[in-house]
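Visitor: For this one, chain A is given, so just place chains B and C on it according to the hints.
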Amino acid sequence: MTKTNRGRFFEDYRIGEVIHHAVPRTVSGGERALYHALYPARHALHSSDEFARSAGLAQAPLDDWAAFHLVFGKTVPDVSLNAVANLGYAEGRWHLPVYPGDTLRATSEVIGLKQNSNGKTGVVWVRTRGLNQRDACVLDYVRWVMVRKGNPDADAPETRVPDLKPVLAAEDLALPAGLDFTGYDFTLAGEPHRWGDYAIGEQIDHVDGATVEEAEHMLATRLWQNTAKVHFDTSARPDGRRLIYGGHVISMARALSFNGLANAQMVVGLNGGAHANPCLAGTTLRAWSEVLDKAETAAPGVGAIRLRLVATSGGAPFQLKGADGKYLPEVLLDLDYWALMPR
Amino acid sequence: MTKTNRGRFFEDYRIGEVIHHAVPRTVSGGERALYHALYPARHALHSSDEFARSAGLAQAPLDDWAAFHLVFGKTVPDVSLNAVANLGYAEGRWHLPVYPGDTLRATSEVIGLKQNSNGKTGVVWVRTRGLNQRDACVLDYVRWVMVRKGNPDADAPETRVPDLKPVLAAEDLALPAGLDFTGYDFTLAGEPHRWGDYAIGEQIDHVDGATVEEAEHMLATRLWQNTAKVHFDTSARPDGRRLIYGGHVISMARALSFNGLANAQMVVGLNGGAHANPCLAGTTLRAWSEVLDKAETAAPGVGAIRLRLVATSGGAPFQLKGADGKYLPEVLLDLDYWALMPR
Amino acid sequence: MTKTNRGRFFEDYRIGEVIHHAVPRTVSGGERALYHALYPARHALHSSDEFARSAGLAQAPLDDWAAFHLVFGKTVPDVSLNAVANLGYAEGRWHLPVYPGDTLRATSEVIGLKQNSNGKTGVVWVRTRGLNQRDACVLDYVRWVMVRKGNPDADAPETRVPDLKPVLAAEDLALPAGLDFTGYDFTLAGEPHRWGDYAIGEQIDHVDGATVEEAEHMLATRLWQNTAKVHFDTSARPDGRRLIYGGHVISMARALSFNGLANAQMVVGLNGGAHANPCLAGTTLRAWSEVLDKAETAAPGVGAIRLRLVATSGGAPFQLKGADGKYLPEVLLDLDYWALMPR
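Chains as they are written, first to last, in full-length UniProt numbering: chain A, 1 to 343; chain B, 1 to 343; chain C, 1 to 343.
The hints are simulated quantities; they were obtained by calculation from the structure and are not laboratory data. We put the beta carbon where it would ideally sit given N, CA and C, even for glycine. A couple of the hints might just be wrong.
Unchecked claim - Distance windows between CB atoms, simulated:
id: 1; chain 1: C; residue 1: Gly240; chain 2: B; residue 2: Ile200; range: 56 to 62 angstroms
id: 2; chain 1: C; residue 1: Gly183; chain 2: B; residue 2: Ala85; range: 36 to 42 angstroms
id: 3; chain 1: A; residue 1: Arg53; chain 2: B; residue 2: Ala199; range: 54 to 60 angstroms
Stated by the list, open to error - In silico DSS-like pairs for lysine-lysine, Cα to Cα no more than 30 angstroms straight-line:
id: 4; chain 1: C; residue 1: Lys3; chain 2: B; residue 2: Lys3
id: 5; chain 1: C; residue 1: Lys229; chain 2: A; residue 2: Lys321
id: 6; chain 1: A; residue 1: Lys326; chain 2: C; residue 2: Lys3
id: 7; chain 1: B; residue 1: Lys229; chain 2: C; residue 2: Lys3
Stated by the list, open to error - Covered stretches of chain B (in silico footprint by chain C; criterion: 3 or more residues with CB under 8 angstroms from a CB of chain C, positions within the stretch not fixed):
id: 8; stretch: 20-29
id: 9; stretch: 93-106
id: 10; stretch: 226-237
The following block holds chain A by itself, in its conformation from the complex (with noise of 0.2 angstroms):
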C-alpha cells in the first residue's frame, strides 16, 4: 500500500463535502518579523502594537495576507496538487485579526463542479475557511481551479457552477471588534492622505520596485507551509525553472503599495483576482494601483476603500490588457479587494 499522497483528482470531489485540510499552525512573533523580512511591509497597524492599541485592537495582528496565505497552503494537498491553473477568487472576507498564539486551520467545503468538454479536466469550485482555535472563522473564500482527472473514463459529475458575487457589497465586509480611526497618527502612518482623499477612478503609481529572488520566494512559501512542487522543484517544469506562488506576489505587490496607499491599514474583502501571467525569480516587481468603488462604514472614523491592485514585470502603468483582451504580457496580477481606511 502506497503511504504517500497523490492527491485529489476531478472524480474525487463530491458537491457539499466538506475536506478538513491537515497541520494545523500557531503563529507568533516569528511569523510577523518574517513577514517583514520578506516583504517592504510597512502599514502601521500590523508593524506596531502601540498603532494597533491606538486603533483599538489588541495588538498588532499578523498581516492580513499572511493570514490568508496560512490558511491557503492548508488547503493545496488537497486541492490544488494536480490543478493544471488556479482560476479566480470570490466572496474573500477576513472577519477576525489573527494574532500571535492564534492557531490556523482550515476547511473547504466544495460548492461547484463543471467537467471540461475535453473530458480530461475540470474546474472546482470551493468555499474555503480559516478556523482558529476557537473554531471562530479568521477569513473565508471562494477559489476554483482546473484540475485534472485521474481516470479519463470517470463519469462527469453534474454540473454545478456556484453563483457568486461579482464584488462584495460594502455592508457584506466584516469590522473587526473595536476598530475606531478617530484617533489615527497620520504621521506615525507615513501619509496624509484619508479615505477622502481617493477619488473613485484615481490611479497611482507605487514607483518602487523590488527583484525577486529564489530564496525568498521559496522561505515565504514553505513559511506558509504550501507544498505545490513547481515552487520548490527545479525537475517539476519543464524549463528547469520554479514558479513564484503567486501569493508571493500579492503580498509583494501590496507592501509596494504602501507608497500611496499607507493608510489602506485592513484588507477586509477579496472581490476577486487573476494571476495573469507566472512570475519568475530575477523578475522586479512594480505594482500600481485603481480606487474602484469607496463606502462608508458604521466603525468609527473608518471608511472602506475598494482598490484594483495590479502587479508587473515592468511596462508602463495603469497598462492593463491589449487589444486583444488579453493581459499584457508584463502583468502579473490583476487583484481586486477592499481596505479599511481613516476617514
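Guide: Positioned in the frame of chain A, the structure of chains B and C alone reads:
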C-alpha cells in the same frame, strides 16, 4: 598574544575531559517560524500548540532536529574546527522537548581517542549533552570526527575506542512526560497511516523534491550558530564552493518525509548516520525511508518506529550502495533513527 | 494630486525642524531569531536570557546594531531617499537595551545645513533619536548626508555646521541600569580575554569570512523597513547591481569580530564611521579590529573599550588607506565605536 580561536587539534583532547561549549541560546517563536520557512516541515505536533496539547505536551516544541542543530552548533568551535571529516553518530537520545523560552547550552565529554597510522590525524569521540536552563539534559549523542594534529610530533595518546551501541533498543528511548496519542487526530495530522500500518522492511518514496539555494543553507546554519568556515566562505575550499551543513540535509530530508510518514511525529533516537557525499547549492534533494524496526512503548497509544532516512540528489529511490559496497554518488545522507507514532 | 512620497530635497530642510518618522515597530523573539540567521552573531548577552540575567539585565536584548538599523530604517524615507551619499556618523549613544515587546519609533532634528558650491546638492546634518513605547530614548546619533536639490534655483540656506565631538568620552556613555559583570562567565561567553588583556594599539584579525548573497542582504534590509531603492531594485542603478545596505556590512563585521572580541558584549557608543567602498553580493566579507582606547566605568566589573572595526572584501588585514590618503579599494567599512567588556 593572539586573541582568536585556532580551534583544538588532536593532541589537545584528553580522555574524560568535559568541554563546556560557549554561547548559550534562548529560543522563541522566532526559531520555530524560521524552521518552517527553511524546511517544508509539516509535522502537526511541532506546528500547532493545540495539537501538541491534545497529545499531552505543554505546547508545540521546537522541531527535534532544530534542538539537535542548536546543540551541535555550540560544539563546532571546540570539536570540529580542525576536523577533516565527521565520521559518525551513535546513541543519540532526545530526553525533553525544547519549548520557546528555553535556553540551551552544551557540554562534550571526550570518550575516545585513536591516532591514525599516518601520524597526522586522529579520531576523537565525544558524548555531547544539550542542557536547558534548569541543567536538565534535553538531548545527548555521541559523535566522532577525524581531527588534524597541530604538532605532527606530538605523542600519540593511548588508544581508547568507546563501546557504542550499534542501535538503541526501544527501552533506551526517553518518552516525553505526559505524551498520549490515544486521542490523536489523523485528519489534522495529515495521513491515516498508524504505527500498525507500517511493516518492517517497507520502503517509502517521499516523492517531493527541494532545490537548495546558498542563502537558505547559510541562514539555517547561522541560525544554529554553527561557524564552520566551509559553509560560509567561498575561499575556504579549493573549488570555491560552499559545503552545505550536513544537518541542513537531515532537516530537509526529514521534512520531505512528511509525505508518507506524517505521523512519525517525534524523533527520539539517533542510532547512526553517514553524510555519504557532500551537498552543494543547486542540488534538488529527494528522500526515501525504510522501516527498520518497530516496538511498543509504555506511553498511551504511542508506538516506536525505527527508520532509515536516505537523502539523495536524484536517481531511483531505494538504491544505497554500489557493488563495491560504497555509497552511490547520489546518496547524500543515510540516517538511522527512532520516531514515535500513534498506534 | 500625487499620493506617493517623492522624498525631501535639500531645500526642504530647516534648522531646528523635528521630523517625526513613520511606521513604529514592535519587536519580538522573531527579530532576534532573524538576526541570528542573518549574521554569525554569537555574543552571549544577546543570545541567552540566562546570560543576560546573570549580568543584571531583564533578559537578552535585541542586538545593539539591530536596534540601530530599526531606527535608521525609519529615517530613510525622510532623510536619505534623495541622498547622494551617506557622509558620516557621530555622537551615537545607546541609552537603553531594546527587549522583545518594545515598540520603536524615531525622530530626527535638523542640526546642520550647508549647500555645496556646485549649487546642486547640500549636506544635511540630523540628530536621530529612537524612542520606545514609553517615549524614552533608546539610542541617538548624528548622521550627515549629501542630498540633491529638487529645485536648483532654490535659495541656499544659511550655512550651519554643527559642532560635533570627534570621539565620545567614556563618561558620555550610557551604562544599562543594573549592568554588572562581576559574575561574568568567560567560558559561556566563549573567550578568556578580559578588558585588561587588551592593549591600546592592539590589532586583531578576526580570521573568518562570509560570502554575501542577494537574498540575505535584502531580507535584512527589509527587516529594518529600510526602503531605499538601491538595495532592492536592479533597475535603480546604471550597472543593474543592488547596493548592499551599509548597516548589513556593519552587522556582518561586528558578528565576525566575535572571534577575538567575544567579550566586547554591548555596543554603547558610535564615534564615527565611513562606508569606504560599496559592497555587492558575492563579496566575501572579512574584518579586523584595532583597540583605540580604554576606560573604566562606574558599573561593577565593566570596562569600556574603544574599537576600530574594519570590514574588507579581502586583502591583508590592518591595511586601511593608500599613499594617497584614500581608503584602499578592498576596505568597505571603517567604524569607530565603544563597547562594554568584563574587567
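Visitor: Does each hint hold? Answer for all of them.
Guide: Tested hints:
no., hint, result
1, Gly240/C <-> Ile200/B: 56 to 62 angstroms, "holds (57 angstroms)"
2, Gly183/C <-> Ala85/B: 36 to 42 angstroms, "holds (40 angstroms)"
3, Arg53/A <-> Ala199/B: 54 to 60 angstroms, "holds (56 angstroms)"
4, Lys3/C <-> Lys3/B, "violated (55 angstroms)"
5, Lys229/C <-> Lys321/A, "holds (28 angstroms)"
6, Lys326/A <-> Lys3/C, "holds (29 angstroms)"
7, Lys229/B <-> Lys3/C, "violated (48 angstroms)"
8, 20-29, "holds (count 9)"
9, 93-106, "holds (count 4)"
10, 226-237, "holds (count 7)"
Hints 4, 7, counting from the list given before, are not met by this structure.
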